[in-house]
Amino acid sequence: MIGERAINAVGTRAVAVSREIGGITILFAQILRALLPPRLDGRELVKNLHKMGNRSVPIVALTAFFTGGLMVVQAAPFVQRLQATSLAGWAAGYAVLREVGPILIALMFSGRVGANNTAELGTMTVTEQLDGLRALAIDPIRYLIVPRVVAMMVMLVCLTCIGDLIALAGAMLVAKGVLDIEFGIMYASFVENLSPADFLHGIYKSIAFGLSIAVTSCYFGVTVRGGAVGVGRAVNAAVVAAAVSIMLLDFFLTYLNV
Amino acid sequence: MSPGAAAPLIEFREVHKAFDGKPVLRGMNLTVGKGEILFIIGTSGVGKSVTIKHLVGFLRIDTGEIWFDGKRVDQLDEKGFYAVRRRVGMVFQNATLFDSMTLAENVALPLRKHKKLRHTSALAEAMGRLEQVYLTGFSDRYPAELSDGMRTRAALARTLTMDPEVVLFDEPTTGLDPVNARRIDRLILELSRNLGVTAVVVSHDLASIFSIADRVAFLYQGRVHAVGTPAELRDSPDPIVQQFIQGQSSGPMETPGF
Numbered sequence: 402m403i404g405e406r407a408i409n410a411v412g413t414r415a416v417a418v419s420r421e422i423g424g425i426t427i428l429f430a431q432i433l434r435a436l437l438p439p440r441l442d443g444r445e446l447v448k449n450l451h452k453m454g455n456r457s458v459p460i461v462a463l464t465a466f467f468t469g470g471l472m473v474v475q476a477a478p479f480v481q482r483l484q485a486t487s488l489a490g491w492a493a494g495y496a497v498l499r500e501v502g503p504i505l506i507a508l509m510f511s512g513r514v515g516a517n518n519t520a521e522l523g524t525m526t527v528t529e530q531l532d533g534l535r536a537l538a539i540d541p542i543r544y545l546i547v548p549r550v551v552a553m554m555v556m557l558v559c560l561t562c563i564g565d566l567i568a569l570a571g572a573m574l575v576a577k578g579v580l581d582i583e584f585g586i587m588y589a590s591f592v593e594n595l596s597p598a599d600f601l602h603g604i605y606k607s608i609a610f611g612l613s614i615a616v617t618s619c620y621f622g623v624t625v626r627g628g629a630v631g632v633g634r635a636v637n638a639a640v641v642a643a644a645v646s647i648m649l650l651d652f653f654l655t656y657l658n659v
Numbered sequence: 354m355s356p357g358a359a360a361p362l363i364e365f366r367e368v369h370k371a372f373d374g375k376p377v378l379r380g381m382n383l384t385v386g387k388g389e390i391l392f393i394i395g396t397s398g399v400g401k402s403v404t405i406k407h408l409v410g411f412l413r414i415d416t417g418e419i420w421f422d423g424k425r426v427d428q429l430d431e432k433g434f435y436a437v438r439r440r441v442g443m444v445f446q447n448a449t450l451f452d453s454m455t456l457a458e459n460v461a462l463p464l465r466k467h468k469k470l471r472h473t474s475a476l477a478e479a480m481g482r483l484e485q486v487y488l489t490g491f492s493d494r495y496p497a498e499l500s501d502g503m504r505t506r507a508a509l510a511r512t513l514t515m516d517p518e519v520v521l522f523d524e525p526t527t528g529l530d531p532v533n534a535r536r537i538d539r540l541i542l543e544l545s546r547n548l549g550v551t552a553v554v555v556s557h558d559l560a561s562i563f564s565i566a567d568r569v570a571f572l573y574q575g576r577v578h579a580v581g582t583p584a585e586l587r588d589s590p591d592p593i594v595q596q597f598i599q600g601q602s603s604g605p606m607e608t609p610g611f
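These protein sequence lines map, in sequence, to chains W and X.
The opening residue of the first sequence carries number 402 in our numbering; numbering runs sequentially from there.
The opening residue of the second sequence carries number 354 in our numbering; numbering runs sequentially from there.
So here's chain X without its partners, still in its complex pose (with noise of 0.2 Å):
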């Protein structure tokens, strides 16, 4: 049995999303387990990133309901989302970086804020957390000096400071060369099985997808089209599954604007 269907940590049941009359979301449902790494899988503009937006507030639903650990989060405000925040971290396709600062400085500023940690104190911590993600050294670089690999590293490094039971990525490996994508990839890897943390991964990269994913998640349509465990993706007899896995430009998928 996959870790999912044990005691689901996030649920989404029927949620749907529309952008200005355009649906995106239309009655999604989704669990994610305690401690798995998911991955949530699609064509671009499908709604993936949309998805885990929802989860911390960045989206509001227009119908249906999140939960989280137990508790339904859909309805709080800003404010009660900051509670959520701390335990759902994420870690943005651009990185999102404060450039006006080091990459230490933008490491220590949560452990300052939340750990009430003095600035000096907050920067040597920030060294060590740095370190974590291999990149010593760096401390004292800039965001803009820094490759993508490297900032999406720093803004692990960052969102981990809190601690978070959850972290979320938005398409962490989309952009980098293979070699950084899959030091990526080992990092998702060492965060759920040492420390125990449950990674939501939105991603296309099939690379990541058949080698670190302990559940996948498919997204068409608006809705999860088809979830299981890589292996059980791959041998799927769905033919928009296969048509996606094996990358071909023509088949069954229907795609906005093609």
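Here chain W stands alone, though its shape is the one from the complex (with noise of 0.2 Å):
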């Protein structure tokens, strides 16, 4: 019966999510307990914080840069058909920094860094490097997951700040070359119309994304099973996964109006 497959295949794939929900609750109930006492590895988190952030910067200017000008662009028609020049700073500045400045600064992180970091939790799960941690009596989870969580969302708010800067910046420069508006104008719209509560409402989505790109990309990466297919499956999966819960998030968060 074609009826009966299809809700096998329903059934299946409900189950399969089902477990992988589990585990990732598993895994965050575990770097939770390994915070307490928070004995961090200085050397690793020094290592993720520069290698996550630091580097990650040129992206997300770019990104920033021309989220800032579109959003100025997309206003445009309507700035000049009402001739409300005043209000553009208000349209672009509360537009990046509540929602589409967090979300694609999240979504380019969990591209670049949510999946490198489960490639390489993958490959050493494969190797048996975790393995090795264990005999060596060396918690995997303290020493290598609990640093790359931390950095993870240390680095992805640092960005989001960043980026709301450049961001800001690219909506002047494109409202003055393309609608003529002066700096001062739309530096004082900005002023006028944005609060810090915009700004904050922001930050509070990127540590909410930055737990979930960081929660997730390890547990695809430490339930790595096959070899190298299996770990392109995972980073396939943990991209696909950060995404849907970037999104899912931000629908709540901003609902809930935090």
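Do not rely on the hints blindly, as some may be mistaken.
[What the hints assert, rightly or not] With a Cα cut of at most 30 Å, we get these calculated DSSO-like pairs of lysine-lysine:
1) X:K424 - X:K469
2) X:K387 - X:K469
3) W:K452 - X:K466
4) X:K468 - W:K452
5) X:K466 - W:K448
6) X:K387 - X:K468
7) W:K448 - X:K432
8) W:K448 - X:K469
[Said to hold, decoys possible] Distance windows between CB atoms, simulated:
9) W:I608 - X:V532: 52 to 60 Å
10) W:F467 - X:A371: 57 to 65 Å
11) W:I608 - X:K432: 26 to 34 Å
[To be verified] Here are some chain W residues pointing at chain X (derived, C-beta under 8 Å):
12) T528
13) Q530
14) A538
If you're looking for bench data, these hints aren't it; they were derived computationally from the structure.
Computed from a predicted structure; not experimentally measured.
Heads up, the beta-carbon is just placed ideally off N, CA and C, and yes, glycines get one too.
Assemble the dimeric complex from its two separately framed chains, guided by the hints.
Laid out in structure tokens, this is it:
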């Protein structure tokens, strides 16, 4: 029966997804437990902060600049028709700080850092390097996972702050170039219409995004089975899972208006 | 009397283990005496590696008991096994060095974690440890740049930083050229004779067995089929033992998949 087979397939898929959500939850609990007391390996933390954060600045800057600019380009017809140049800054800034900035930067971060993290942990898993750590009586969660999770959360927030600034700068430059709005007017529009709450709303989101990218990318990395093919599959799953969770978290955090 | 008969340091009692319903160990009994070099031999897939992985908690037995130094260890949780792993080191078949670190950093890691050394003093001690396994001059190389034999020796140096009472070797000479294989044998012998370390070696390298083993346990069909000194095994009238030792393709031995 085709119907029966379809129901079967849906059921199998649902069980698989549930198993992964369960696994991610367990890993999250283990990470929390390893953080009490917080004894982080300093060298691993610094290495990851540098690799995940500093080296992501160029790609984040590029994304942010064009995101800010794009908001102005989209708003341009309305601004021109209504002669509401003093609202151009509000339109771009509000969208960037609260929504597109954190989301796009998180997606770029997931693609660059999360995928890399899954591939690295996955390769370590299939080559038994994680068992090697356990054999040396070193807890892989405490030594490998926790510094990565902390580094990703800290760095995504930092990158979002940098990205916000660059996006606003991009908006000003494009406003000047496309709509011939003076920098001063855009700046005044930002100051008058945007509040710290708008900025913080985006930062809260980026904390949540950072956590979800970190935990999912680590989970899919350490649960790799089956060699190089398995690593490829895990990276794929990690990027998809991170993107889906970013969208869901964004919806609920916006809805709850934190 | 062989050393194993005196006071067993390690004891496997009626150990059963199946994977996906396929039994591998079927009531295996084995004792290891303090300070001896015990070889576990047998055909591929007979459960040699499985046996030693149980002792450090990488696998869990289905039924039976495992005792280490007068304490039952098979029921420990992951955290409980960390205490065992500090006393029982393991050198894996593919060395499991961390490929993002140099040899010195690999060896320094457990020194930093367990002896609370600072990074620079841990590196200094790591140099000395690498010297012991004849790897002077290779301390700042990465594992990928070295031969299998060198990697195995580096892994041994890393394990020895914990000052273990027992070292488990999983096929340490498999895939090595005869010269490097005999070097590994010599290191195992030095370890046992000079430091009093108990060595459990999983192997099917007949040259190693007959040069350094104190006792040999021959695993067949999930049980220890024969155990004794290398000489006793060589002179054994048992046709199955003889077939293995003489490496004959046909005989009474039943091997899966052939």
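Q) CA of K387 (chain X) to CA of K468 (chain X), is that 30 Å or under? A) holds (25 Å)
**Q.** Straight-line alpha-carbon gap K387 (chain X) to K469 (chain X), limit 30 Å
**A.** holds (29 Å)
Q. Does A538 (chain W) pass the interface hint, meaning its C-beta sits closer than 8 Å to a C-beta of chain X?
A. Check passed: Cβ of A538 (chain W) comes within 4 Å of chain X, closer than 8 Å.
Q. Measuring from the C-beta of Q530 (chain W) to each C-beta in chain X, is the shortest one below 8 Å?
A. holds (5 Å)
**Q.** Hint check for A371 (chain X) and F467 (chain W) - Cβ pair distance inside 57 to 65 Å
**A.** At roughly 58 Å between Cβ atoms, A371 (chain X) and F467 (chain W) fall inside 57 to 65 Å, so the hint holds.
Q.
For a C-alpha distance cap of 30 Å, please report whether K448 (chain W) and K469 (chain X) respect it.
A. Status holds; Cα separation ~20 Å.
Q) Under the criterion that the straight-line Cα-Cα distance not exceed 30 Å, is the pair K424 (chain X), K469 (chain X) satisfied? A) holds (28 Å)
Q | Hint validity - T528 (chain W) Cβ closer than 8 Å to any chain X Cβ | A | holds (7 Å)
Q | Hinted pair K452 (chain W) and K466 (chain X), Cα distance within 30 Å | A | Measuring from Cα to Cα gives roughly 23 Å; hence the hint holds.
(Q) Between the beta carbons of I608 (chain W) and V532 (chain X), is the distance compatible with 52 to 60 Å? (A) Because 57 Å falls inside the window, the suggested range holds.
Q: Compare the distance between the alpha carbons of K468 (chain X) and K452 (chain W) with 30 Å, and conclude whether the hinted pair is satisfied.
A: holds (28 Å)
Q | Verdict for I608 (chain W), K432 (chain X) (Cβ pair) under range 26 to 34 Å | A | holds (30 Å)
Checked against the numbered hints above, the structure breaks none of them.
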